[in-house]
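Heads up: the sequence lines are chains A and B, in that order. With the working numbering applied, the first sequence corresponds to residues 3 to 133, in that order. With the working numbering applied, the second sequence corresponds to residues 2 to 263, in that order.
Among these hints, one or two may not hold up.
[Unchecked claim] The calculated PhoX-like cross-link candidates involving lysine-lysine, where the alpha carbons are at most 25 Å apart (straight line), are:
no., chain 1, residue 1, chain 2, residue 2
1, A, Lys-111, B, Lys-59
2, A, Lys-81, B, Lys-59
3, A, Lys-40, B, Lys-254
4, B, Lys-189, B, Lys-254
Quick caveat, the hints were computed from the structure, so don't treat them as lab data. Remember, predicted model here, so these are calculated numbers, not experimental data.
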Amino acid sequence: MEIPANYHIYDLTCYWTWMGADGIARTKVKPQAEVTLKESLENSAAVNNLYVNKKFPLLIDSRPIKSISKEARDNFSIKNRSTNINSFAIIIESPLSRIIGNFFMGLNKPSVPAKLFNNEQDAIAWLQQYL
Amino acid sequence: MSLSEIETDSNKIRGEKILEVIMSYARLDFSEKTIVSNKGDVYDAIGAGVNMLGEELKSSVISLREKEQLLREIHHRVKNNMQIISSLLNLQTHNIKDKNFLALITESRNRINSMALIHEMLYATTDLSTIKLKDYTETLCKSIYESYRKPEMKVNFFVHIPGTIFLEIDVMIHLGMILNEIISNSLKYAFENNEGTISISLNQTDTKYYLSVEDNGKGLPTGFTKEKDGNLGMQLIYMLTEQLNGTVKMESKGGVAYQIEF
Numbered sequence: 003m004e005i006p007a008n009y010h011i012y013d014l015t016c017y018w019t020w021m022g023a024d025g026i027a028r029t030k031v032k033p034q035a036e037v038t039l040k041e042s043l044e045n046s047a048a049v050n051n052l053y054v055n056k057k058f059p060l061l062i063d064s065r066p067i068k069s070i071s072k073e074a075r076d077n078f079s080i081k082n083r084s085t086n087i088n089s090f091a092i093i094i095e096s097p098l099s100r101i102i103g104n105f106f107m108g109l110n111k112p113s114v115p116a117k118l119f120n121n122e123q124d125a126i127a128w129l130q131q132y133l
Numbered sequence: 002m003s004l005s006e007i008e009t010d011s012n013k014i015r016g017e018k019i020l021e022v023i024m025s026y027a028r029l030d031f032s033e034k035t036i037v038s039n040k041g042d043v044y045d046a047i048g049a050g051v052n053m054l055g056e057e058l059k060s061s062v063i064s065l066r067e068k069e070q071l072l073r074e075i076h077h078r079v080k081n082n083m084q085i086i087s088s089l090l091n092l093q094t095h096n097i098k099d100k101n102f103l104a105l106i107t108e109s110r111n112r113i114n115s116m117a118l119i120h121e122m123l124y125a126t127t128d129l130s131t132i133k134l135k136d137y138t139e140t141l142c143k144s145i146y147e148s149y150r151k152p153e154m155k156v157n158f159f160v161h162i163p164g165t166i167f168l169e170i171d172v173m174i175h176l177g178m179i180l181n182e183i184i185s186n187s188l189k190y191a192f193e194n195n196e197g198t199i200s201i202s203l204n205q206t207d208t209k210y211y212l213s214v215e216d217n218g219k220g221l222p223t224g225f226t227k228e229k230d231g232n233l234g235m236q237l238i239y240m241l242t243e244q245l246n247g248t249v250k251m252e253s254k255g256g257v258a259y260q261i262e263f
């Protein structure tokens with residue numbers, strides 16, 4: 003996932019997060035990121051700040067991730083908290099991100115529609131139904 | 002040593018480390034985690050998966066322990082509340098001379114105690130759901146005997162129940178009340194000279210239990226029918242057995258014998 007130039011990008015501890023021109027929000031995990039609750043809350047706040055007047059889908063590129071704690075996974079599953087996203091897709095290409103993604107979907111069961119993808123194009127195509 | 006040999010050795014060590022962590026999780030020891038390197042290879046993926054499984058397992062174990070503790074506390078409180086009710090009933094008997102009223106209070110207290118005993122035994126068990134029938138029956142017999150005991154009374158109890166039979170609380174509440182009523186009736190009416198025996202046995206097949214409770218007392222009066230002459234206790238025996246989807250056979254030959262199939 004390319005980080006666009008001349009965009010307002012949230013440069014966070016473990017993520018780069020921004021709103022795409024197509025209305026789909028993006029969040030890209032930084033290389034070797036070890037995500038704990040603190041970093042997940044930081045990203046959730048940034049994603050929610052992208053809200054203008056309607057809920058939006060979110061594309062997550064988790065390929066370079068190193069680890070994510072249970073508390074962070076629980077936060078990302080959007081249970082018992084408000085959110086401005088209406089769906090999300092996670093790109094999982096590396097063995098590590100594939101394992102983490104599948105664990106997240108299986109054990110943490112997100113409360114909005116969510117799906118794992120091997121590539122960005124398929125993920126975007128799926129998210130467009132939520133625009 | 003070639004580069005590929007070094008890598009093979011390194012992966013072997015990584016695999017062994019992951020196995021060690023899995024084994025510690027199997028012992029419910031969550032102090033260890035696998036180390037995920039920067040390679041992002043299959044070993045790292047397996048290691049990350051094991052770490053996440055460990056976190057979920059730890060969370061489930063803690064949650065289960067908390068629920069067990071809560072359930073134990075609930076059984077303890079239910080038992081205490083029942084004992085308070087029983088004590089309050091006992092207080093009502095002070096300065097009362099009416100024998101019928103006193104008998105009514107004793108019967109009510111014994112019914113409450115038969116249920117309180119189940120909750121008392123449940124919070125002492127490890128699984129919090131089943132009761133060892135043999136232990137329960139022996140304790141119940143002692144408790145009922147104490148409540149009806151007169152100085153000249155000498156009744157022996159013979160309990161033949163396999164120590165391997167454990168029953169769920171729903172069944173135990175019914176069975177405890179049934180045992181309470183049968184034993185109470187025997188102690189109240191069977192032994193004219195205040196001596197005798199009460200035998201309790203239970204056999205089990207694949208699908209059914211057969212409970213037998215009999216005394217060697219004077220038996221039922223001639224022409225006795227449960228519909229016409231039975232007391233509340235006897236009605237309870239039939240009603241509670243029906244709720245267990247069981248059947249009752251009552252015989253009076255020498256003493257009174259109940260055969261309960263459920």
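Original post:
Checking against the hints above, which ones are violated?
Top reply: 3
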